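K.L.:
One letter stands for each residue in the lines below.
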Amino acid sequence: MTTTLTILQAGPALTIQDRGRAGWLAQGLTKGGAADLVALYEGAALLGQSADLAAIEMTGTGGTFTASEDIRIALTGASMAANIDGEAIVWNASHLLPAGAKLTIGGAVSGTYGYLHIGGGIATEPVLGARASHLSAGLGAALKSGERLPIGPDKGRGTGMQLPRDTRFDGGTVRVVASMQTDRFTPEERERFTNTQFARDPRANRMGVRMDHNGAGFHAEGGLTILSEVIVPGDIQITGDGAPFVLMGESQTTGGYPRIGTVIPRDLPRVAQAPAGTKITFEFVTLDQAITIETQHRRDIKALSGQITALVRDPATIKNLLSYQLVGGVTSATDNPFEKDI
Amino acid sequence: MTPFPKIQTVGLNGILISFADTMSEPANRAALSFRAAIDVADWPEVSETSTSLVSTFLQVDLVTQPLDAMLTRLHDLLDTQDWYTASLPAGRTLWHIPTVYGTDLAPQLEEAAELAGLDPDAAISQLSQARVRVLTIGFAPGQPYMGELPKNWDIPRQQALTKSVPAGALIVAIRQLIIFTNASPTGWRHIGQTAFKTFRPRSDSPFSLSPGDELCFPSVSRSAFDNILSTDTSGAGGAETEVLP
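Residue numbers (the working numbering), protein chains in the order written: chain F, 1 to 342; chain U, 1 to 245.
Isolated chain U (complex conformation) (with noise of 0.2 Å):
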């Protein structure tokens, strides 16, 4: 029998279900998909809900709700359906976020498409036709894990750690993309550069991006992207959205 979902509780915080112990796309689709069906059941002792790449977390405080009977409604929901082959939740959002590859603004592209077995121009074709979707948000208030890319870009994270990657830059290793929030070290490689804003605390809406989105990243010119970034106000970087079915 398999040992998932699996059910544990979290500090005196919270309950998270897992559905498996390694990244895959039914497994995140299994924690997106029960999270929305989590926050539609509307419980009044789950005050807020999450979700990491294969999971879903339930803040609920254990000092005063009983856990038996959390656990049992947990159970029962988990039961009505295969979570690993459910729908993703409706109305979420299709991005497209124009994109320098390479260039000085982005300098690992060609380190990166060599390692993803790519001369640097088929690279960009890959990865300006590739669709992701948001697995996950974390490490930085809006900052998006996407994925899963080819196979082909199954590259480990880089030994030594670059010093700074800008806000909006794009960057990849295991198949998976992220859109920096804010300048930070990292150890993944630095290949596009958009103009981006993944979380702009003093809008309407802070968090650009939800789980479940998803993003493409059609590649655009040097001038394209300046003028972007001379024009644009809101934080967008002139990404267009739809909302999908």
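This is chain F alone, in the form it adopts within the complex (with noise of 0.2 Å):
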């Protein structure tokens, strides 16, 4: 019989996503996929699982979701709270959840998007050669409460692993590519693009992030007459009223609006992640640099599974703290008296 994760209770905004579907550019189709990749391989790495399988995204909060047999758990990405049966629970860890256990998770502490991995994967049906949903373009649909969701065999063991955190939920610079229409903003106005501190906008979705500022808008010459031409995730459009606008994978495959440059791959789940208000730069760096950056941040994702480390019990979420034994026998200053714990 086949595992089943059942969503009990569904927050506003859960999708299915996985690396997204390549290959149907030239049919108006962009690849859509998770909004943060670098959590895709995170949970992958926790669960010691491929990276292709299919994840839970989580805009802004969770929900509260039941297994019909003990799975194995990742969580990472945006930090929510979250407990399994009341106990809290380690964000950007694995975890069991037992059967019949009800894990609930709430809203986003710091980022935007979190992920629920499953050991095993979400095994719903693929369409196109990928289950992820693609809303803008009518595939799939947001999870509702009372779905139930099966879930691949688990062919991985363990849980209680944690990864560190990174800095991409808090905003910062963003580094930026020239693209096709760089050249048609002058100097003068490429440099006051990179010399404005933006905020996130409340409006921003899987296919693109508004940037606000003080001051005046940003303008290409001749902008309003570039034909369309193709997006590619990471795109900086600057539409009518002069905002810049972060085009994401779920984005459409062409735009008319001139791009002001492309924030490189490594950097666009910050732009991603950064919850609405969060301070962010921009800054242009050269092909060459980018190629640098990308080819040392592949290598980090290659060896994300190298920085998991057990999972040390916090005391604040041992629910009978009081009961233990803390300091008696202590007889180092460095030793760990939780470490026994684990």
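In short, the hints are calculated from the structure, not lab data. Check the hints yourself; a few may be wrong.
Chain U is faced by these chain F residues, among others (derived, beta-carbon under 8 Å) [stated by the list, open to error]:
1) Leu8
2) Met180
3) Leu227
The structure displayed is predicted, hence computed values, not measured ones. Quick reminder that beta carbons are idealized off the backbone N, C-alpha and C, glycines included.
Two independent chains are provided; combine them into the complex using the hints.
P.N.:
See the structure below:
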């Protein structure tokens, strides 16, 4: 019998995501896939499985879930308050979810997109070669309360592992390479762009993220006469009102607004994860610099499994903490008294 | 010296070959033919190709593939012929898609006809005899931009958007036609209605049209259209096809 995950209560924006569908650009369908690809790789590393498996992407807030059998889960991306049957569990870590237990995932504490990964992956029927919902194309739909999702066979073992968190949830500097229409913006306009502090606008979704700033809008020369041209994820288009709009994986395949540059893949999760109001600045790098950064990033992704450590229980999450003998028998100031509790 | 064809990188995702900076039949022909030539060449570095109105895009992982070697090969291929007069790829499809012009189904026919300098009957006659090419596919999955119509159809987009036109709507502006994939707001004028589905995600051929395909939109009566609606389960909307040599 297939193991299933039941969504007891769905947050407003849960979708199934994987690495997306390549190969349909000419037919007008963008790749889509997880808004934060790094989080997908982290989940795969924590569960020791392929990054091609599908997970649940949770925008802003999670939901409550229960499984028909014991399953392994991992939580990555935007930190959300989570517990299993009332006992708090650590984010960016893997856990056992016993059959029938209730997993509750609340609102995001930092970041925008959280991910619930399952050992064996979500095993819904692929459409056009992927399981990822692509809502703007009409593929898939937001998950609803009461839905029951099939889970693939889990070949991995072990839970209670964690990965260190990085800084991609806090905004900051986002690196950009020149693109097709960068030279339509004067050097002064480009300099003003990189000297401007932006804040992520609340109007953001899987298609694109609008950036707010004080001061005049940005304008290309002959901006309105540009022919519709191919879009790649990370393209920063300048819309009619002069506001930059970073295009994400679920954008249209082509667009007629001028692009001032393209966010490099390494920094796209930073744009996706920045909560509304978070400060962001853009910095141009050369193609060679971008290639160097990206090469290192891919190495880091490959090395993620080497970053995994066993989860040390946080005393704050131990229910009967007061019943533990915490001091007696301690002989060294550097020993970790909780190590034995793993 | 003309700046075209122009080769540029696109992020770290690929290479764009532009054949013009305005829409024209020869530049669209060049983009389609050059894409076909790239597909035939089947270079291992190229994972995917697409076209927009007047350019060809090659998806190439610039992080791992040396750009200079790719550029040399692209220049060599560009030099093999005049792409602006190249033959269009063989094996394209000619579609005949039954269309109701005007009526409550497509309420902007009269307005569009007036802008094109025609009375509604003459407009229907001209549109249903026109043969257009899929210039590019975009905006929504499978959604074709088709052209070019005769010069009198160089009509502007509306200032205000129409709140929503339905899937299968045939809309017009700037000498081009679009069949809408999904209900959507638009600044183009809604002149005809088809029962043709451009995107059928669960079918064996999910995308009905390919760039370079040609189309005609013969006028049918409302009762013939209603008959198609009630009998068609395929999403083809009564379309007939032939293979172009």
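K.L.:
Can the hint on F:Leu227 be confirmed by a CB-to-CB distance to chain U that is less than 8 Å?
P.N.:
holds, 6 Å
K.L.:
Taking the closest Cβ pair, is F:Met180 under 8 Å from chain U?
P.N.:
With a minimum Cβ separation of about 5 Å from chain U (threshold 8 Å), the hint on F:Met180 holds.
K.L.:
Please check whether F:Leu8 passes as an interface residue: C-beta within 8 Å of a C-beta belonging to chain U.
P.N.:
Hint on F:Leu8: violated, closest Cβ of chain U at ~29 Å, above 8 Å.
Hint compliance for this structure: hint 1 alone is broken.
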